[in-house]
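Using our numbering, you'd call the opening residue of the sequence shown number -11 and step up by one each time.
Calculated directly from the structure, the hints in this document are not laboratory data. A portion of the hints provided could be inaccurate.
To be verified - Each pair of labels, with its calculated beta carbon distance range:
no., residue 1, residue 2, range
1, 53, 122, 37 to 45 Å
2, 99, 53, 21 to 29 Å
3, 83, 46, 17 to 25 Å
4, 46, 105, 40 to 48 Å
5, 82, 3, 25 to 33 Å
6, 16, 71, 21 to 29 Å
7, 19, 122, 48 to 56 Å
8, 54, 102, 26 to 34 Å
9, 20, 108, 45 to 53 Å
10, 50, 94, 33 to 41 Å
The structure presented is a predicted model; accordingly, all values stated were derived computationally and were not measured. C-beta atoms are modelled at their ideal positions from N, C-alpha and C, and glycine is treated no differently.
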Amino acid sequence: MINHHRSVKVLRRGDLARLTGCNLETIRYYENIGVMPEPPRSSKNYRVYDDRHVARLRFIMRARELGFTLDEVRDLLALVDGGAQTCGEVQGLANSHLASIRAKIDDLKRIERVLSSTVAQCTGDDVPECPVIDALTEVT
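Construct the complete structure from the given sequences, taking the supplied hints into account.
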């Protein structure tokens, strides 16, 4: 027989922050924008968090570490919260995000090539002429 009653450790926001490494203000922000649920209150009106909040916050933080925007995190959470997410739906969101990441990498590589070429033209001498400044003020 499975025990459906788990012991729930009661945490305050500071405990949640320490357990996850998330800033207190960030936790407040996530609550305000609705990606973290508003926690219940104790009889003394303290916010009360539990292991479900810890798991959700870790999910959000990991998604953010992987570069997902808050809107994308919200979409992922909507699938998870609905309880009927399919791997295909999640894959669709992840593929879209991956395409965005690859586009950013391509942009960064282009920027690196241009900047590297421009910096290579610098003499480094104590003169007012500077190819980097010229490139930045150039009208295209």
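Hints and how they fare:
{"no.": "1", "hint": "53 with 122: 37 to 45 Å", "verdict": "holds, 39 Å"}
{"no.": "2", "hint": "99 with 53: 21 to 29 Å", "verdict": "holds, 23 Å"}
{"no.": "3", "hint": "83 with 46: 17 to 25 Å", "verdict": "holds, 23 Å"}
{"no.": "4", "hint": "46 with 105: 40 to 48 Å", "verdict": "holds, 43 Å"}
{"no.": "5", "hint": "82 with 3: 25 to 33 Å", "verdict": "holds, 31 Å"}
{"no.": "6", "hint": "16 with 71: 21 to 29 Å", "verdict": "holds, 27 Å"}
{"no.": "7", "hint": "19 with 122: 48 to 56 Å", "verdict": "holds, 50 Å"}
{"no.": "8", "hint": "54 with 102: 26 to 34 Å", "verdict": "holds, 28 Å"}
{"no.": "9", "hint": "20 with 108: 45 to 53 Å", "verdict": "holds, 48 Å"}
{"no.": "10", "hint": "50 with 94: 33 to 41 Å", "verdict": "violated, 25 Å"}
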